[in-house]
Amino acid sequence: MNLIEPANPPSRKAPLVWAIGAAIPWLLLAAGQLVWFALDQRLLWVHTLAAAATALGIVLFVVVVPLWRYRVHRWDIGPNAVYTRTGWLVQERRIAPISRVQTVDTERGPLDQLFGLANVTVTTASSAGAVRIVALDSHVADRVVAQLTDIAALGGEDAT
Amino acid sequence: MTVEAGQAWQRLSPRMLLVHPVHELLRQIPVLIGSLVLGSATGNPMWALFGLALIVGYGLARWFTTSYRIGPDEVQLRTGVLQRKVLSVPRNRIRSVSTDARLLHRLLGLTVLRVSTGQEARGDAAFALDAVQAGQVPRLRRILLADSLAPSEQEAWTTARELARWQPSWLRYSPLSFTGLAMIAAAVGLVYQAGAGVALQNSRFAQSGLNAAERFGVGASVVVAVVVVLVASVVLSVLRSLVTYGNLVLVRRDVAGSDGVLHLEHGLLRVREHTFDMRRLRGGTLREPLLVRLFGGARLDAVMTGVDGAGEASLLLPPCPRATAESVLSELIARPDAVTGPLRAHGAAATRRRWTRALALPAVLLIAMVAWYSWAPVWLWPMWAVLTVCCAVLAVDRSRALGHRVDAEWLVARAGSLDRRRDCIAAAGIIGWTVRQTLLQRRAGVATLIAATAAGVKSYRVIDVPAELAWTIAGSASPWVADSDWARTQ
Numbered sequence: 068m069n070l071i072e073p074a075n076p077p078s079r080k081a082p083l084v085w086a087i088g089a090a091i092p093w094l095l096l097a098a099g100q101l102v103w104f105a106l107d108q109r110l111l112w113v114h115t116l117a118a119a120a121t122a123l124g125i126v127l128f129v130v131v132v133p134l135w136r137y138r139v140h141r142w143d144i145g146p147n148a149v150y151t152r153t154g155w156l157v158q159e160r161r162i163a164p165i166s167r168v169q170t171v172d173t174e175r176g177p178l179d180q181l182f183g184l185a186n187v188t189v190t191t192a193s194s195a196g197a198v199r200i201v202a203l204d205s206h207v208a209d210r211v212v213a214q215l216t217d218i219a220a221l222g223g224e225d226a227t
Numbered sequence: 002m003t004v005e006a007g008q009a010w011q012r013l014s015p016r017m018l019l020v021h022p023v024h025e026l027l028r029q030i031p032v033l034i035g036s037l038v039l040g041s042a043t044g045n046p047m048w049a050l051f052g053l054a055l056i057v058g059y060g061l062a063r064w065f066t067t068s069y070r071i072g073p074d075e076v077q078l079r080t081g082v083l084q085r086k087v088l089s090v091p092r093n094r095i096r097s098v099s100t101d102a103r104l105l106h107r108l109l110g111l112t113v114l115r116v117s118t119g120q121e122a123r124g125d126a127a128f129a130l131d132a133v134q135a136g137q138v139p140r141l142r143r144i145l146l147a148d149s150l151a152p153s154e155q156e157a158w159t160t161a162r163e164l165a166r167w168q169p170s171w172l173r174y175s176p177l178s179f180t181g182l183a184m185i186a187a188a189v190g191l192v193y194q195a196g197a198g199v200a201l202q203n204s205r206f207a208q209s210g211l212n213a214a215e216r217f218g219v220g221a222s223v224v225v226a227v228v229v230v231l232v233a234s235v236v237l238s239v240l241r242s243l244v245t246y247g248n249l250v251l252v253r254r255d256v257a258g259s260d261g262v263l264h265l266e267h268g269l270l271r272v273r274e275h276t277f278d279m280r281r282l283r284g285g286t287l288r289e290p291l292l293v294r295l296f297g298g299a300r301l302d303a304v305m306t307g308v309d310g311a312g313e314a315s316l317l318l319p320p321c322p323r324a325t326a327e328s329v330l331s332e333l334i335a336r337p338d339a340v341t342g343p344l345r346a347h348g349a350a351a352t353r354r355r356w357t358r359a360l361a362l363p364a365v366l367l368i369a370m371v372a373w374y375s376w377a378p379v380w381l382w383p384m385w386a387v388l389t390v391c392c393a394v395l396a397v398d399r400s401r402a403l404g405h406r407v408d409a410e411w412l413v414a415r416a417g418s419l420d421r422r423r424d425c426i427a428a429a430g431i432i433g434w435t436v437r438q439t440l441l442q443r444r445a446g447v448a449t450l451i452a453a454t455a456a457g458v459k460s461y462r463v464i465d466v467p468a469e470l471a472w473t474i475a476g477s478a479s480p481w482v483a484d485s486d487w488a489r490t491q
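Heads up: the protein sequence lines correspond to chains L and P, in order. When the letters of the first sequence are read in order and numbered with the working numbering, they come out as residues 68 to 227. When the letters of the second sequence are read in order and numbered with the working numbering, they come out as residues 2 to 491.
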């Protein structure tokens, strides 16, 4: 037996938001290096090395990783389970039964609000079993939450 | 039965009027010293007396301000001298009741009674009756657990079966544990922190020791010191094991119309009792640390909802003969084949990964030693050979340990060498599955399957199963995976 991949990709804006989220700390680091270079121009090879490392980090985490994550991330909701695939280097596929769902949370960070995205977290009684569907368009997220709470009939049983 | 428990607020045992002031005095030693200093500085001894009276008064006030109530739906605990607090626990959420009696409590015939629910409660949020008279404990336990068990009469508690009882021969597993060394280290740390280290350095005892060391030579002194520490550590480990687990008894009590309770009692000086609701049992973990396994021993942890998965709280049996641990677990989960049955091995890829991991350290060391060939002392080479052999043995043992076994009712996973564990998890308690693959695992065609439960350590891993088997395992344990829209038979 095998499980096919979940069907739905995250929002099209997801790679952009992830890239911006990753770019902010990297650009701060780059700015710090510029200031350092302006103040002190001895040890040129150290500057070059640091600049190369930063450039590599920016290419990897601002360009490659968001695109890679967008290719991997998928989610799906069936009549009795939610199913996601996440990650890039380490990839996870996680499935949880909706009958055991305890809470459904929606969460929007500052960047998510700017771009109209939302993350949905479905928790069960196990701390190892929470399913996160990240970077959904807000209207999709609202539909997902409504659908999940509808099926789950929350608070019905002890769910342990 | 609930009515008998009383709706009124009840106080703890009046004997706590003796215990609280003593505890407060011990806890407020700095305040006491401060008031003594103030007293001698101002030449007015009343300050010291005032400080003492304040502390004792506070201790007494704690008893007067603490009360508890066992209501029809919830139990409540009211505490706090200055800041009042009421802690309420719904009775149907009570998962286990444990008791604990330290020396001072025991001398006065008192017992601390703790109630644990599904939530992890720490510190102030924990529901603890500190303390009630030991004679009241069986009655309170019955009342507190009765609601979460089926409503039943007291006579139903009489059928009790003893599952295990501590034997002196169990002590043979304790000398090789590290508890003795840890105790010595803690004692040394305490002595130095108290500033006694400096005093010791200048003492005649230390001087005579140094003189002796000079006479025998450094090598001999180091050997003597190591032997002394090792012997002390063995003695301490055995003693601690004896004091903590001597008189351990594990009993299963059947209750009509329910799964009953599990009752564990141990401790010679500090008596601890745990009562577990059997309906919360989701399996058990047989743990065989290398040093215990060499002597044919094993220890047993319960996998229960509402009970912390690691450490003291979930312990059912300390290191004991393997057969004992296995028979107790078989008895608890009523499936001997899950406990002792053969496991399905994970194949060549998993074995290869164990070997690469184990040999990574020797390989790096070898490269470093070859690169700096001229600086590497000669004795480094035989040590490297010994290390490599040890790593190889570890790899063999780890790949032999890997295995799983699954059916519609139980998931069994075994892994590890230094700390080998065999987790037996009830399939009904699994509320989520994760298949995790790192880049290397994807290339090797294996995956780590993680079963999420609300019990024990919450996540149980089946390490490096062949990738095509991962969902089959999940599907055979959980019908909701096999019946989901995404399942395809190959």
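Careful, some of the hints might be misleading.
Unchecked claim - Now the stretches of chain P that chain L is said to cover, found in silico as 3 or more residues with beta-carbon under 8 angstroms:
(1) 359-366
(2) 448-459
(3) 462-474
If you are wondering where the hints come from, they were derived from the structure by calculation, not from laboratory data. We put the beta carbon where it would ideally sit given N, CA and C, even for glycine.
The hints, checked one at a time:
Residue count for the stretch 359-366 of chain P with a Cβ under 8 angstroms from a Cβ of chain L: 0. That is fewer than the three needed, and the coverage hint is violated. Restraint check on the stretch 448-459 of chain P versus chain L: 6 residues with Cβ-Cβ distances below 8 angstroms, three needed, restraint holds. Requiring three or more residues with a Cβ within less than 8 angstroms of a Cβ of chain L, the coverage given for the stretch 462-474 of chain P holds, as 3 such residues are present.
Consistency note: the structure conflicts with earlier hint 1 alone.
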